[in-house]
Every structure is written in structure tokens, then in C-alpha cells.
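Chemist: Top line first, the protein sequences correspond to chains A and B. Heads up: the first sequence begins at 59 in the working numbering, then just goes up one per residue. Heads up: the second sequence begins at 56 in the working numbering, then just goes up one per residue.
Heads up, some of the hints might be wrong.
Just a few of them, taken from the derived set where beta-carbon distance is under 7 Å, the chain B residues facing chain A [unchecked claim]:
1. 242
2. 244
3. 247
4. 520
5. 522
6. 524
7. 525
Keep in mind that the hints were calculated from the coordinates and are not lab data. None of the values given here were measured: they were computed from a predicted structure. Built from N, CA and C at the ideal position, the CB exists for glycine as well.
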Amino acid sequence: MNKFLNRLCIFILPVLIAGAFMDTWISANLRKSNSHASKEYPTWNAILDGKLDADVLIYGSSRAWVHIDPSIVEDSLGLSTFNLGIDGHTFDMQYLRHLLALKNNPKPKLIIHSLDIGTLQRSNLYNPDQFLPYMLWDEAFYDKLSKYEGYSYFDYKIPLIRYYGKYDAIKTAIKMRLSRTDDAGRVRGYQARDQSWNADFENAKMAMEGYKAISDSLTERLFDSYLSECKADGICVILVYSPYYIEGQEFIENQSEVIDMYKRFARKYDLLFLDFTKDEICFDKKYFYNASHMNRSGAELFTRKLCSQILLHRGTTACKWQ
Amino acid sequence: MLFNSIDFAIFLPIVFGLYWFVAANNLRLQNLLIVVASYIFYGWWDWRFLSLILFSTLVDYSVGLGLLKQVNPTKRKLLLWTSILINLGFLGVFKYYNFFLDNFITAFSFFGTDIQATSLNIILPVGISFYTFQTLSYSIDVYNRRLAATKDFIAFSAFVSFFPQLVAGPIERATQLLPQFYTRRIFDYGKAVDGLRQILWGLFKKIVIADNCARYANLIFDHSESYSGSTLVLGAVFFAFQIYGDFSGYSDIAIGTSRLFGFDLMRNFNFPYFSRDIAEFWRRWHISLSTWFRDYLYIPLGGNRGDIWSKVRNIMIIFIVSGFWHGANWTFIAWGGLNALFFVPLMLTKNNRTNMDTVAQGKLLPSLKEASMMMLTFSMTTFAWIFFRAENMGHAASYISTIFSRSLFSAPHFADAMLAIPTMILTIFFIAMEWIGRDGQYAIQHLNRRPKTLSWPFYYLIGGLIFVFAGSSQQFIYFQF
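The whole structure should be built from the sequences, with the hints applied where relevant.
Modeler: See the structure below:
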């Protein structure tokens, strides 16, 4: 038995040592990728490495990510801007980005928070590969992600385990090590979409007909405390409901109720709430590639309109951001 | 608990440590530990069905004791039938009730009579067909006086619930496994190392080959109406490797795990895809089930004695029952029947025992004739797998009719086809390893004769391939049986 156990230890020891080194190597190279995991790494890197360098932060889901162009905001407001929109995630994960951004970067003056029908809902752990290089032994990631199904306890605590079966991630890490080049990523977190109207709408029509958004009470409370924290920290928050293609809006039974809820939050904290759901952009298909996402021309037009509205309403709320 | 889960990776060393360090000098304690570990292992999936295993254990233990005391032939037969009816009754209720009900309703409605009956919403307990057959073998062997009934309830419970093979076999004979629970197990270094090696290879088969092939087999079978005949052929080949990797991988892990605890289980697969005819294939595929049916059904029916029609009848029965054992669906019956049709001509021409040795023994490559025979056998087997995998007979029929259409001659194409290339390369590597190691009990057993400078890097390579290419975890196919 002793011989068996000794040999087993001798066999396993190099695996454990190599595992720890390989974890570091894969993570270091993977996070260089601009394209893997829906292009989320550059944004996470900027947050965690303290390189946001922004007076204005844009929060939200993919609708923030593809709708609000930081360069236009910078030109219009004269403030450096970074878009932290996170694809496929609702406020719960947006809040993780907010916390980490505050922890590793100077406090922003202004947050433009893009809201939508699902902001206060509970999502699943969409695009889990985006967390891979950062989640080992990180309490902030563990506290947040462990509430979702997707990774086990050991993925957060033991090196390399989380890369088990992640062939694409490992391949990307090797590719990044060898070529060091990658597709162009997001520009200060923003991703313009040069796409025209596609068949997604027809699919969404089938999936969303009679859809009713039901918000999650825990996420609602978290959103409330986030607004309260921002107020206490002197960070101005502007709530924005960006354009949604008009026919798509008709599928959602309780959109007006959801918007009313956001209005109540705005009133409670004396915030500016800008609702673009009846804007003329919503009536023109050429600005969208599906019911909920605008293409480049739509996003640029919208960002200009948004900035002019922000400038127009400056000073109408208690919040002073400039 | 799945073999390819982190739960099992924690469970196994704990049980191993307790077994060899705490209970090493006490046979009864070792057996008790196996029972407890086995019940935890099974209960991890659904603890409610532990009562079924316990009940089955109590029934066959009591029947065994009854047979031990009873000399009256009628009463002995009554005891045996009690065991058979209770065990098959479980199967009937949990596995076949809804099937028979639906078919009776359909049959009566065909003749113009509508029957109102309610089908049951039943969860099929994992591995019920395996442990039921194992306990049945005990009662039958005790009845036939091939085995003395045991008075040791703990040893018998351990035999019924032995966790490595509880949910998907090999289906052990009481004559082979039960006596191992009576004798003290002494740790054997060579056996344990061999067990670990076999576990490693089993994990590779399951996690790398089966789970990756499953991805494409599922894609193609689930959307078969959208694909060309050539793509459907590829889908069937993916499934052929999925089911082989899945089931033989499970058997390898089960056998290897048992060896860690000092037990020898029977071999369940013997490189079946290198068979030169269907008869050879069935001597090499799911051996524990084939031999079970041979010993407890085929031979009692008369086996290969009698006139031609009796022989054909017996073959048809054994294959169809074997198909039905897999599941309550006409597709499994068709799969069994088709294999019978493949087999009968060999038996009638007395060619069913032609290829008894290992193909191309001592040679690097097979002859052209051998290669052609293997390809033909593999094609026939893969064709039959279509019925096994199809959702229903209609699905199987449309799948096959698309294969035999003009689109068979177009290039295969499916979504993410390029992503399947690593899977294909790994499958070729797997076939090559199986070919090289076809003389052993499992493909990489021969590495025990190689120096560590050669064998250890290979183990690391296999471990690395498992780590990198692990497919999305799929439940073992045979759990549903």
C-alpha cells in the first residue's frame, strides 16, 4: 500500500505543480484576447487594471454596449467616457462591474445607466468564459458568480479546474501567445454593429408574443441600494431607456408598468430619467438590426440625441456632475 | 453519482482510504462499508429508489435461504418463481407498464374499441435492469444448485449493490462475484495500478470520445430532416462511437474501480468494432448481458439443439428480448430483430463460430479481406444503431430513407462541421490505440510492460486530452436502461 500511495503522489505531484503554472499561463494569455467570450476581456481588463480613466461610465446590458458611443459622449459632454455594458446580463452582474470599477479606478462623476425590460430580472450565467481569467481566488467574483449555476466551488478555489473542457479558451490562450494579434475589440467598451435588419425579429416575435416582464425582488432591492450608494458617494446617475423598435414593444405586455417603476426610482432619488421608447428612431427599421438592438447609424443618432437631452436637462435634478 | 463527476473524484478516495486503512483487517466491516458506500453512491441520484434495491435484496436473500432449506421440488420452483415475478414485476411496472398500456389502447382502437386508461407518470430508477438481472441470476443459480445460498446478509447486500457496477454493469453472476465477498481482500499493488490505468482509459473513452461524438450525433439525429444522406451516415457513425465510448468507458471505470478494492469483475467489451462478422460482434459487445441471456434464456429454450426452425426461433427470441431489455420502445425491438436477421444466416450456414480469435493476431495491419469484413460488420452494426438511437420507428424510417436517397452522394455538411474535426482526429487516435492494444483486456493494458519513461508520459497525455477535450457532460446512455 505504501508503495502504491508513494507512486501515486509522485505521479500526481508534477500534475499539481504544472497545473498551477498552466493556470497562470492560460489566464495571462487568454485575457489578452479581444475577441473571445463576446469581446468582454478588454472591458474586464480595463476595470480590474484601473485603466478606465473615465468621468462618465455607461452601464447596462448589450443595449448599452451597442447603443451608446463613448466618443460621441466625450465630444458632447467634454468628459472622458467608458462603456461597461455587459452582454446578456441584468443588473445583478452590472453591479459587480460597478463595484469593481469603483474599487480599482477613480470614482466617476456620472453614470449613464441604460435600462430595459429585463434590467431587474434574474439572468443565468450567460457567457461564462468571460470570467475565466479573473475568478480564481477572487472573493468579489466568487460572491457574485457562486449564486449562479455554472461553476462549482472548486473552480474558484483550485487552479486549472475551471479550464476543464474549455478547449476554445485554451486554444485562444495558445493563439494569443503565438500570434499576439486578435480581432479588433470594443472601443472603450463600445461595439458599433454594422448590421441591417435580420431574421431575429421573426424569431423574437414567436418567442416574445405576450411576454410579461417580472422583476426579481432581490435585484430590485439591489438596484435601490445602488442608487442610494451612488447618491451618498456623490455620483450622478442618469437612467435611460434607449429606443426599442416599435413593433417589438408591442409584444411586451407590461412595458409601461416597467417604465413606471423606473420613473419611481428616478423620483425617489431625484434622478433624470430619459425615456426614448416613443422617439422617432423607434419607428424606423433602418436604425435596427433586431427589435431591441440598434445598428451603428441608429446608435450614433441615439447617442447624439441622448447627449443633447442630458445637456438640456442639466441642472433640473439635484445631481451636479460638472 | 456519475463516474465523471467531481463528486465521485472526492467519494472514491474517501471510500478507498476507509476500506484499506480503517476496515482492512475486518472482512465484515469491509463489506458493510461497501454497502454503505454503494447506497450513498446510488442515493446521490435519488435516495427514494434505495428502497427498491433494499427490497430486491431482501426478496432474493430470503428466496435463497428458502431454497437452501427446501427440498420439495414444487416448493423450490414456487420460490424461484416468486423471485422471478417480483424482480420482473419491478421491471414491468417501472419500465414497461406505459408501453404495454399505450400499445393495448392502440390495438383496441384499431378494432374499433376505445379504452380509457391512464398512463402512469413513472420515473425509471437508474440501473434497475442491471441489478434486477444480477439478483435474478443469484436465485436461478441457487435453484439450479450451481451456488450455495448465502446466510451472510451483508455480503449479499454488497453483492447486489456493489457501487462500481450497480447502475450499468457489468451484470455479474452470483457464482463469480458473491464468493469474492466471502474472502479477505489483500491489497495488491499490481491490481490497483492496473485498475487506475483502466479507469483512466475509461474516462478517456467516455469524456473525450463519447461526449464529443454525442454532440454531433445529437445534432444530426435531432434535425435529421434537414440533412443529406451522407450527413446522416456520418451521424450514425458518430453515434456508433458515442455508444461504444460511453458504455465500454463505463465498464472500464467500473472494472478498474473494483480492482482498486480487490475485486475482479467480468469483462464486458472485447474490441467489438474489430469484429469480422455479426456473431463475433455479439461475442465482444456487452458480454455480460449476452452471456446472461445465453445462460438463462437461450439454453433453457433449447439453444442450438433441435431443428432449424427451433434454432431460428431461439435466436430471434433472444435478440428481440435483448432489444426489449434496453427499453420500452419498438425501436429497441427492431434493433434486436435486425441483429437477429444479421445473425441467422451465419448460424444456418454454420459460420457463426468462424472468427473466434483476435483479428490479425501478431500483425501490424489486417489483410484486405479482414479489413473488408470488419468494415462490413461495422456498417451493419451502425445501420442497426439507427433504430437504437431514433426517437420512434417513423424517425428511423425517415432517417434511413434519406440515407438511401441521391443526397447520399453529396458532401456531408452540418452546423459547426469544422468544429467536429478535433473529434474526428481524436476518434482516429482512439481507434489506433484500440487496434494496438486489442490483445489486452483493454487498449492500454500493455503499458504495464513498458518502462515508466514511456508509460507515464502517455498517461499524462491521456490526462491532458481528457482535460482539454472534455465534451459537455452527458449522462451515461445505459443509465436509462
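Chemist: Each of the hints needs a verdict: does it hold here or not?
Modeler: Okay, the hints, checked on the actual structure:
1. Residue-level restraint check for residue 242(B) holds (minimum Cβ-Cβ distance to chain A is 5 Å; threshold 7 Å).
2. Hint status for residue 244(B): holds, given a least beta-carbon distance of 5 Å to chain A, under 7 Å.
3. Contact between residue 247(B) and chain A, as hinted, is supported at the beta carbon level, the nearest pair being about 5 Å apart and thus within 7 Å.
4. With 7 Å as the threshold, the beta carbon of residue 520(B) stays out of range of chain A, its nearest partner Cβ sitting at about 10 Å, so the hint is violated.
5. With its C-beta approaching chain A no nearer than about 6 Å, residue 522(B) sits inside the 7 Å limit, and its interface hint holds.
6. At about 6 Å, the closest approach between the beta carbon of residue 524(B) and any beta carbon in chain A falls short of 7 Å, and the interface hint on this residue holds.
7. For residue 525(B), the shortest C-beta to C-beta distance to chain A is roughly 3 Å, which falls under 7 Å, so the interface hint holds.
Checked against the numbered hints above, the structure violates only hint 4.
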